[in-house]
Amino acid sequence: MKVEPLARLERHAKRLGEIAAVAGKYGLSDWFGGFGYPWLQDRLRSSDGQTLSGLTTAARLRLALTELGTTFIKLGQMLSTRADIVGAELAGELAGLQSNVPADLSGAARVTLEADLGGRVEELFTSFDDTPLAAASIAQVHGARLPGGENVVVKIRRAGIEAKVVTDLEIVQGLAELLEKHSPGLRPYQPVAITRQFRRTLLREMDFSYEKRNLQDFARRFEGDATVHIPRVFEELCSHQIITMERLEGIPGTDVAALQASGED
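Position one of the sequence shown corresponds to residue 0 (numbering that gives the first Met the number 0), numbered consecutively onward.
Calculated directly from the structure, the hints in this document are not laboratory data.
For each residue, glycine too, the CB sits at the ideal point set by N, CA and C.
Take the hints with a grain of salt, since some may be wrong.
List of simulated lysine to aspartate or glutamate pairs, EDC-like, C-alpha gap at most 20 Å [stated by the list, open to error]:
hint : residue 1 : residue 2
1    : K163      : E204
2    : K13       : E161
3    : K163      : E263
4    : K163      : D83
Here are the in silico distance ranges between beta carbons for each label pair [claimed, not checked]:
hint : residue 1 : residue 2 : range
5    : T130      : L54       : 26 to 34 Å
6    : G184      : T80       : 16 to 24 Å
7    : G159      : T226      : 39 to 47 Å
8    : D254      : K180      : 45 to 53 Å
Could you put together the complete structure from these sequences and hints?
As structure tokens, then:
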């Protein structure tokens, strides 16, 4: 059964209100005024609207997407590659979207580990660092040591993220359907088709079993090549929201100065 775009949005009125408040905070509410639905227009007005001195609209949109979390950060990153749709200025601004966000509350990662892997953290690992090495919009990464002595990193999906992402994807799809219906100039760009592909990509990214299989496939392909080292995956310590892999030390490709200092070609 086809769900009308407005019904799709009304179903998630609370979250839509949160999005409206953020849009108002960054002075973006006017962007949503042309859909022709009074209910939606009322929902998207916010008394929190303010002028952020010195910031372009593109910069304010980037900040708003960052505050709205995983789905909107990923959407902005995807749109940064579509200057044909959003224009060069906005695409350039969205390219600066960062996924770094505060870590989950202490203990949340342990709950996920024990629920998925069926044992206490102290039984699974000789040591486990509760402070993550990195925290991004979908997952955070912790250092640990296995009983066999191997140093590993454990990538753990953020607690409770799936339900929120699914809700946000419903809202994004509803807005895309309204855009395609009421903005003839955007129809050639097929916003509905783009958001459907975005949905598939994001949900796949959140299922770590795909990433695990890719790592294992690359390891097989480069087996015997001394110039390439793919981190070993510890299958028994993986799930759809956990990957445990060998910890490798190295220099990020973006750190040009460190690469030059190391003498690497």
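Hint-by-hint comparison with the structure:
no., hint, in the structure
1, K163 x E204, "holds (15 Å)"
2, K13 x E161, "holds (17 Å)"
3, K163 x E263, "violated (43 Å)"
4, K163 x D83, "violated (29 Å)"
5, T130 x L54: 26 to 34 Å, "holds (33 Å)"
6, G184 x T80: 16 to 24 Å, "holds (20 Å)"
7, G159 x T226: 39 to 47 Å, "holds (41 Å)"
8, D254 x K180: 45 to 53 Å, "holds (47 Å)"
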